[in-house]
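Visitor: Here is what each chain is made of, one letter per residue.
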Amino acid sequence: MTRPRIALPGPGLLSGYDPTEYFCEMLSPRDDAAAELAAIAARLNALDPDDLRRRAARAEKELFDLGITFTVYSDKDAIDRILPFDVLPRVITPGEWSRLEAGIVQRVTAINLFLADLYGDQNILADKVVPADLVLGNANFHSFMRGMKVPCGTYSHVCGIDLIRDQQGLFRVLEDNARTPSGVSYVVENRNLMLQCFPDLMEGTRVRAVDDYGLMLRRALEEIAPQGVDDPTVVLLSPGIYNSAFFEHVFLAREMGVPLVEGRDLVVENDRVTMLTTTGRAPVHSIYRRIDDAFLDPRVFRPDSMLGVPGLMEAYRKGNVSLANAPGTGVADDKAVYAYMPRIIKYYLGQDAILPNVETFICREAEGLKYTLDNLEHLVVKPVGESGGYGMILGPKATRSEIDEFRAKLKADPANYISQPMIGLSVSPTLTDKGTQPRHVDFRPFAVTGASTRVLAGGLTRVAMKEGSLVVNSSQGGGSKDTWVLAGDA
Amino acid sequence: MTELLARNADCITWLARYMERAENLARILGVAETFARDRAGRNWRAVVQINADEERFFARHREADARTVPHFYILDPDNPNSILSSVKAARENARTLRPMISIEMWRQINRMNSWMAGLSSNAVAPANLAALCEEIKEACQLHVGITEGTFYRDQAHYFYHLGKSVERADQTTRLLDIKYHTLLPRPEDVGSALDISHWNALLKAVAGYQASRRVMAGKITPRSVAAFLLFSDSFPRSVILCVRQMDWLLSQLRTRYHLRGGVKALELLDELRAALTDQTIDQVIDLGLHEFIDWVQRQLMLIFAEIQESFCVSRQPQ
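Chain order of the listed sequences is A and B.
In this text, residue positions in the first sequence follow my numbering: the first is 1, and each later residue adds one.
In this text, residue positions in the second sequence follow my numbering: the first is 1, and each later residue adds one.
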């Protein structure tokens, strides 16, 4: 199949580039911004590959120097790794963005209404729209949260929606991340790097800014502060420097201008949270926590947690401190619940989902299981509780024996799996050893919700650096790109 | 961010201490190199002695010489007092403090740490040692300059300088000790060209050469140098200047930022200041300079412990 492509003015960086049957984030035409897309493609095409490579190397060194790294621990050493940065940007047009933004706001609104219902009257279970056992039997459903009123009715304050683009160019939701999605620091730092190392690339292009994320987040955290607190103290709670995402915690604390605290800095006294300062104890009102539920409070969750704060949950329950995200949001981003999300949106908002799911077969349902077993070699099958691309099988790429082995696992525990057709993810031109080549990408925008939902005009474009690979996870060799959301006519 | 976390106050004092320590160790190794050149390598052992590292050092090396001592103090990752370990520790503290220190401060420490970690043992070979010590010193000074120019002047800034002053005072006493006590010249050498050149080397190591020339008007004697390093009101590395600085910083923290603790530390500082101002160098030397230096070092430890106890304690895991 030959796809229409934006014409290039002459030979250059993109000459040998062929996206084949996939949608190309650079060269496939869109409904809007045609002139601007053509201008960007022409400008990239005119770049000298050697110069680009030199500058890319400098950008990588800068990432190391600035410590924009995640730490991988082996038995003996701590190795700082960077998320590989590809210098060729991914472009989103104003028309695409307004649809994405509306779809994300819709989805996040539904997720928060869903959580408020699950921890309230549970109407959606009574109405049998979502199976009760799927929710009540879920390890991430905390009965502790039942009956509690949270400020602004918001549970998932920071939500990352993973999107992919299929061969028709349609954005689809692949996964919801309603707990503590990470990666936003790379969105902002990739842009900083772009502005520093490739200012000429951006010249004349109106790209929407991403550097207001910290202020967005801080504002949301102030909005959810306990009632009656005029000038709330916001903190970021981190597990500490040994956490692999510590850089992101640093980044967010810095961008918000708030203290980065660890559990040992906080003390609960009379159900109020205080932090230990040089002048004594100072009150804390809103906590953006980057610690998993299980470690938050040893009195309620894991008793062996050294990272948490004893008494935190009681202070939270009394409404003396706010937590973002709320405990127990994991029940909403479960891969099995995901399959019900279009119905959940319809149930609470009376609307069809603006951003469709990837077609999903639920193996806990007899029909879905049968279809999955009959078509294993065509499907992607994923365990519902895993993330990071672990434990799944890509049917079209698996061997006969791998499929047989997986079939046995699936039959033994069908409720643990969902399946989806294999999607031909869109590609974006990427600088490789073999020149400019198509590589598959996905997209994670970030939505922040306090009293209302705001979406950062950008997001994390992850790229599978290996030829032909569909796996974009950083733990499996993925990199990232700067994402340019073009400003509309203003 | 007006509040300062107790844990961050601790980190910032240690960050300053480790960087100051790395700089001073580079200075000591630089001067030891000069002494050793003159005295057929007999004086490397003195570096080990003034750092009270005999046990750890001789568990690893049989001889204290031009190869083992610089390696032990610059590159040995298992020596917690090596420059490599100090810079690494400074960087760990800086990592914790990243949201509050300037990006430029962090970047420079991070780069220095990567540079140190990549050095081969050839870098500390006798032919390269002086140049390496110079580079390390300059990297530390770059840190100081960036800090001066970019670090926001709130409480954290005062704690930074408290850490720096206590370390610097301690290190100056050690440098003085290396010459005055450990390298005590043979009686026939006192006042000889060799002896004078050692004192000159020492003064150069602490960057006090020019100033001391002007102040001492050509009378470079062991006593005048000791007095300069201990009592000079104007020399930035003198012990009394560091002590006065600490006293001022602590008082500022209490008045400007309403920190309530630290009374005991102020008392100890007062006592130390009196000991440094109420005696002449002759009195100190008659009573024993080494003993006096020992006492000063112990006082500094007590003062630092008091500061930590008063302001820097976070919750112990239960």
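If you're looking for bench data, these hints aren't it; they were derived computationally from the structure.
One or more of the hints may lead you astray.
Claimed, not checked - List time: in silico DSS-like cross-link candidates among lysine-lysine, alpha-carbon distance up to 30 Å:
| id | chain 1 | residue 1 | chain 2 | residue 2 |
| --- | --- | --- | --- | --- |
| 1 | A | Lys346 | A | Lys76 |
| 2 | A | Lys61 | B | Lys137 |
| 3 | B | Lys204 | A | Lys76 |
| 4 | A | Lys149 | A | Lys411 |
| 5 | A | Lys434 | A | Lys409 |
| 6 | A | Lys411 | A | Lys397 |
| 7 | B | Lys219 | A | Lys61 |
| 8 | A | Lys346 | A | Lys128 |
| 9 | A | Lys128 | A | Lys370 |
Visitor: Compare the structure with each hint and give your call.
Guide: Hint by hint, here is what the structure shows:
no. : hint                  : verdict
1   : A:Lys346 <-> A:Lys76  : 52 Å, violated
2   : A:Lys61 <-> B:Lys137  : 24 Å, holds
3   : B:Lys204 <-> A:Lys76  : 41 Å, violated
4   : A:Lys149 <-> A:Lys411 : 41 Å, violated
5   : A:Lys434 <-> A:Lys409 : 39 Å, violated
6   : A:Lys411 <-> A:Lys397 : 21 Å, holds
7   : B:Lys219 <-> A:Lys61  : 52 Å, violated
8   : A:Lys346 <-> A:Lys128 : 14 Å, holds
9   : A:Lys128 <-> A:Lys370 : 22 Å, holds
Violated hints for the displayed structure, listed by number in ascending order: 1, 3, 4, 5 and 7.
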